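Colleague: Protein chains in written order, with my numbering: chain C, 1 to 182; chain F, 183 to 433; chain L, 434 to 682; chain E, 683 to 931.
To be clear, the hints were calculated from the coordinates, so they are not data collected in a lab. Among these hints, one or two may not hold up.
If you want a taste of the chain L side facing chain F, the calculated C-beta under 10 Å gives, among others [to be verified]: (1) 458; (2) 505; (3) 506; (4) 512; (5) 514; (6) 516; (7) 522; (8) 525; (9) 529; (10) 543; (11) 546; (12) 568; (13) 570; (14) 586.
Derived PhoX-like pairs: lysine-lysine, alpha-carbon spacing no greater than 25 Å straight-line [claimed, not checked]: (15) E:748 x L:667; (16) L:606 x E:895; (17) L:643 x F:367; (18) L:499 x F:366; (19) L:667 x L:643; (20) L:618 x L:606; (21) E:895 x E:748; (22) F:320 x C:8; (23) L:606 x E:748; (24) E:892 x L:667; (25) C:8 x F:367; (26) L:438 x L:646; (27) C:108 x F:375; (28) L:675 x E:748; (29) L:667 x L:646; (30) E:916 x E:855; (31) E:748 x E:855; (32) E:855 x L:667; (33) E:924 x L:643; (34) L:646 x E:855; (35) E:924 x L:675; (36) E:895 x L:675.
Some chain F residues well away from chain L (every beta-carbon gap over 12 Å; in silico) [to be verified]: (37) 194; (38) 212; (39) 291; (40) 329.
Note that this is a predicted model, so its numbers are computed, not measured. Yeah, the Cβ is synthetic: ideal placement off N, Cα and C, and Gly gets one too.
Below, each chain spelled out in residue letters.
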Amino acid sequence: MKPLSPFKMMIYASLCAALTAAGALIAIPVGPVPIVLQNFFVMITGLLLGSRWGLASVGIYLLAGVMGFPVFAGGTGGIGRIMGPTGGYLIGYLPAVWLIGWISHRPKPAPLFDLIAMLCGSLIIYLFGLSWLKLITGMNLWKSLAVGMIPFLPGDAVKIAAALAVVPIVRRTIGELPPTGH
Amino acid sequence: MAHLTGFSYYHGNTLLHRIDIRIKLLSFILLTLTTLAADTPGLLLISSMASAALVILKDRIFRIFYELRFFMIFLIFIFIIQSISTPGSSLFQHRLIPFTWEGIDLGSRLIWRMLLIVLFSMVLVSTSTASETKEALKRFFRPVPFIPEERLAMMITLMIRFIPVILEQIHEIQDAQRARCVEKKKNPFYRIKYLAIPLFRELFESAGELSEALESRCFSEKSTPITLSSSRIDWLILAFVLSGCLVILLP
Amino acid sequence: MHIIKIQNLSHRFSGGSLGLDNVNLNIREGSFTVITGENGSGKTTLLKHLNGLLLPTSGSVTIAGKSVSTNLIESRQLVGFVFQNPDLQIIGETVFEDVAFGPRNLCLHPQEVQRRVHEALSDLNLLAMADRRPHLLSGGEKRRLAIAGVLAMNPRVLALDEPFSSLDYPGFKQVLEQILALHRKRHTIVLTSHDIEKVAVHAEHLVIMKNGKVALEGPPDHVIPELEHFGVRKPCPSRWGKPLESWLT
Amino acid sequence: MHIIKIQNLSHRFSGGSLGLDNVNLNIREGSFTVITGENGSGKTTLLKHLNGLLLPTSGSVTIAGKSVSTNLIESRQLVGFVFQNPDLQIIGETVFEDVAFGPRNLCLHPQEVQRRVHEALSDLNLLAMADRRPHLLSGGEKRRLAIAGVLAMNPRVLALDEPFSSLDYPGFKQVLEQILALHRKRHTIVLTSHDIEKVAVHAEHLVIMKNGKVALEGPPDHVIPELEHFGVRKPCPSRWGKPLESWLT
Ligand SMILES: Nc1ncnc2c1ncn2[C@@H]1O[C@H](COP(=O)(O)OP(=O)(O)OP(=O)(O)O)[C@@H](O)[C@H]1O
Ligand SMILES: Nc1ncnc2c1ncn2[C@@H]1O[C@H](COP(=O)(O)OP(=O)(O)OP(=O)(O)O)[C@@H](O)[C@H]1O
Ligand SMILES: O=C(O)CCCC[C@@H]1SC[C@@H]2NC(=O)N[C@@H]21
Ligand SMILES: [Mg+2]
Ligand SMILES: [Mg+2]
């Protein structure tokens, strides 16, 4: 994304945070960890805004959630969710979006780099998520994998594929949008 | 879809509306941390505080619980997983499902805690306006050196404002696609792709127009601070909450 | 005889507010119906019942003899819906892709998709812009693209929600000419507008809505004298007792 | 004497297309100017130069003697801009918060903010709805809220972009009455519309634009006969040589 005025990037970052919140609302409860579009929008935030503004976007998303705004999975909020079983995934979004932005932000963005970025990002999300889930619920490794990772792999694969299809088009559309504002 | 009340401030003049937002936020954080550390007697005390808050917002109780319907299913799953995975004296000798007494006890307390925390956050959100919360955020983060608290507060306000807009646009885009029989295509990749493309284009276009609207009303990071006045009652309530938490945590 | 039959249809929104209140309406095959009324009088809500985007709380809606709620997909093929804001309806990367979205959803054979798209584009004379990027088109062109996208599914009824909003005079003339051409090809046209100045002369059947009810319906010369009671301005010629005049001249 | 002076203003968009081409326009203080023209003729682009949302590629725009590009903040206080789609302009969570957004950005004293918001709300008679949530208001009420939000910054010029689009007859009457009331209070009104049927009788100065140029400007009775050449329909009464008629009756 070509550098726009910081004012415009602030609005796009808030927009991506709101998208992540909207993605979290559509939560399909399949176990203690629900299937959400949340991480789909986190990945797209990283790909569109880059590492610095992507970090700011996910940062304010988590801050709003911690402060009580119901923006986490299932339309709920509060510090309790960070302490709860899925808190690891939420914390994992911060390093993940930074890494996705850093890997994918080349002078000329290419789908291969987007794919690698998203795979590494998802790995980090699961790393943080599973370790915290195991710590909190005291499950053994095998059970926490069965509950915290395996049910989501097909869903996440679809999300990564959809992101690869959508992001180049959105990058072009944003580029053609009226670059209004000084 | 735009009527997502969970997100929005519900105008009213109840005691909870009048409390200074900083006190409200502080007691919210205190209560949440205490709930996580509390045991059954502690949880009982905190539940009484929660029900007191709900009584004050009596006309909105149904709306708050209506918002929590997804979260309830989520809680049930946590209860089942917890009660299965904790070792201990099992409940049903013969069945394959290893329900254990310890598991049920642990699971029910976990759900009780999470329900209390979420109720407190719903009460906080529906009784404080975004500009109040923004002002409290600015005051909390001002001492922190490297965080630009003015920009942070504005970004959170913009985010809260965009959520109902996004939900409404998702609804309208889905309507437009359903009108052209998109439901015959079950492949999730196809559905996500054709929802995301118009959604992103529409949103980034409206974000561009919103930035023009902000600029034409001279938006800058400096603005008149909203006067936050904390009266005697506020400090009384904070003291009450603080003592309640200490009683639970100390012995 | 009547392609659309609506019998005491009511719709209550999840928020509790009543959108439609006991609506009874029959629309003849091949007729040109205009539904008018104030903002919030329920025009869009009624139109969304024709292709099952909204389902009745009570009462029934039948299209060509089949109830909408029981065969949704079929009623959406029979009734093409053009939305007020064309931007939300535009999906494809190019004009061609966008029009092909509907037929492809019907899992038609690629040749058939090609033929239908080509026919729809030539009907709306958008052939020259087949590979342009849709969101860079002008207001009038986007509206014609939305109509072509719906036309490619061979609907028998065309439901248009405020098709002329934010269109200038030339854009309006283009869109109206296409709609009248489709009407001549035996399509049933149902059109909503809160300002009937522009279409009153072409309407065969005029319906006025107020607070979710059908306040008055009938041929234009019966209904137009009563318009002012329902918050709709009488067309300018009829304020001087002159015959209605088409906006195409 | 002229509050707005535009001298050979041109604007080229980053995409390369020419939005405005050598525009010369002077607008008197306290006048009621209507800018009309086809879609894409440059009406919105011209209006956005009045409060510095767009900066000229060449030429100059001066408001009350001060050049816009050199003092942006001041020109945004002098010129209040009401957008075509009010939903994008509404920021606050309640009507009161939204109107207070402008004055608070000017870092005024809280009492002063309170006074201005109260005055603006009573001007647009929205006082009863001060605590309602903006996105549940009707189209007309949202439009009046947008005007109140701009009015609270005490502008001398009010620039309205298509203020009546998608408004029904009662909504239109409400908004037009407020605009005329502001005009009586010596505000300069600059209003764009591609359909001048509704406002021609109130306009003192009519400007027609085509392809980014000012094609014709002058008092309505000079300009109206030439309208049809520039893709704008003549108001219905003047098609029969009758005097213009206000839409408020
Ligand atoms: N940001 C932009 N980048 C490129 N071209 C633009 C941009 N904004 C406007 N244009 C083009 O400039 C011309 C004038 O646009 P403008 O919005 O001023 O027209 P308008 O008179 O307001 O039309 P309408 O009646 O639809 O509001 C149009 O052809 C439009 O396509
Ligand atoms: N999803 C919804 N939830 C609750 N109420 C709704 C919803 N959609 C519409 N309404 C209400 O139903 C009534 C009818 O709405 P509708 O959009 O059909 O009016 P309309 O005649 O199309 O108005 P317009 O002329 O502005 O298009 C309005 O009062 C509106 O506020
Ligand atoms: O409680 C929360 O808000 C966090 C939910 C985390 C869901 C995780 S993210 C990675 C994995 N993929 C999914 O679809 N869901 C889980
Ligand atoms: Mg409507
Ligand atoms: Mg315009």
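Colleague: Each hint: holds or not?
Modeller: So, going through the hints one by one against the coordinates:
1. 458: 20 Å, violated
2. 505: For residue 505 (chain L), the interface hint holds, since the closest Cβ of chain F sits about 8 Å away, which is under 10 Å.
3. 506: Holds, about 6 Å.
4. 512: 8 Å, holds
5. 514: Where the cut-off is 10 Å and the nearest Cβ of chain F is about 4 Å from residue 514 (chain L), the hint holds.
6. 516: 6 Å, holds
7. 522: 4 Å, holds
8. 525: 9 Å, holds
9. 529: The hint is violated - residue 529 (chain L) has no Cβ within 10 Å of chain F, the shortest such distance being about 15 Å.
10. 543: 15 Å, violated
11. 546: Residue 546 (chain L) check fails; min Cβ-Cβ to chain F is 13 Å, beyond 10 Å.
12. 568: Given a least distance of 6 Å, the restraint on residue 568 (chain L) holds.
13. 570: 13 Å, violated
14. 586: Constraint on residue 586 (chain L) satisfied, holds at 7 Å.
15. E:748 x L:667: 46 Å, violated
16. L:606 x E:895: Given pair residue 606 (chain L), residue 895 (chain E) holds - Cα atoms ~23 Å apart, limit 25 Å.
17. L:643 x F:367: Not OK: residue 643 (chain L) and residue 367 (chain F) at ~38 Å, beyond 25 Å, violated.
18. L:499 x F:366: Measuring from Cα to Cα gives roughly 19 Å; hence the hint holds.
19. L:667 x L:643: Within the cut-off at roughly 16 Å; holds.
20. L:618 x L:606: 18 Å, holds
21. E:895 x E:748: Roughly 24 Å separates the two Cα atoms, so the pair holds.
22. F:320 x C:8: 21 Å, holds
23. L:606 x E:748: Violated, at roughly 43 Å.
24. E:892 x L:667: Given that 25 Å is the threshold and the Cα spacing comes to 31 Å, the pair is violated.
25. C:8 x F:367: The hint is violated at about 37 Å.
26. L:438 x L:646: 16 Å, holds
27. C:108 x F:375: 23 Å, holds
28. L:675 x E:748: Distance ~52 Å between residue 675 (chain L) and residue 748 (chain E) Cα, so the pair is violated.
29. L:667 x L:646: 20 Å, holds
30. E:916 x E:855: The hint holds at about 21 Å.
31. E:748 x E:855: With Cα atoms ~35 Å apart, residue 748 (chain E) and residue 855 (chain E) exceed 25 Å; violated.
32. E:855 x L:667: 14 Å, holds
33. E:924 x L:643: With Cα atoms ~33 Å apart, residue 924 (chain E) and residue 643 (chain L) exceed 25 Å; violated.
34. L:646 x E:855: 23 Å, holds
35. E:924 x L:675: 13 Å, holds
36. E:895 x L:675: With Cα atoms ~37 Å apart, residue 895 (chain E) and residue 675 (chain L) exceed 25 Å; violated.
37. 194: 18 Å, holds
38. 212: 35 Å, holds
39. 291: For residue 291 (chain F), whose nearest Cβ neighbour in chain L is about 34 Å away, the distance exceeds 12 Å, so it holds.
40. 329: Label holds. Min Cβ-Cβ 37 Å, cutoff 12 Å.
The structure does not agree with the numbered hints 1, 9, 10, 11, 13, 15, 17, 23, 24, 25, 28, 31, 33, 36 stated previously, though it agrees with the rest.
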